[in-house]
Amino acid sequence: MDAKTSWETFFKMMIMEEHGAKKKYEMAMNLAADNPQLQKVFERFMQEEAVHAQLLEAELMKLEKKGI
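In terms of my numbering, the sequence shown is residues 838 to 905.
It is possible that part of the hints are untrue.
With a straight-line cut-off of 25 Å between C-alpha atoms, the simulated SDA-like cross-links for lysine to any residue are [said to hold, decoys possible]: (1) 859 <-> 903; (2) 849 <-> 894; (3) 849 <-> 888; (4) 860 <-> 875; (5) 860 <-> 903.
Hint data in this document are derived by calculation from the structure and do not stem from the laboratory. In this text, all values refer to a predicted model and were calculated from it rather than measured experimentally.
Throw the hints in and build the complete structure from the sequences for me.
Next comes the structure, spelled out in structure tokens:
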């Protein structure tokens, strides 16, 4: 495996983990339906994970365009 493949694999793995974390927070948010304050906390965490995934996806695309 060359360095490029390693970095691509790393980014793709991290993107999947961020999406997985988002889904877990979404599930927690739904389970906290009877507690609006807690639900807002999980919603914020869920949104943050979505942003993390978007950042990683954007950086991966930049690297791929540069051929790194």
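Query raised in the report: Looking back at the hints listed earlier, which ones does the structure fail to meet?
Result: 1, 5
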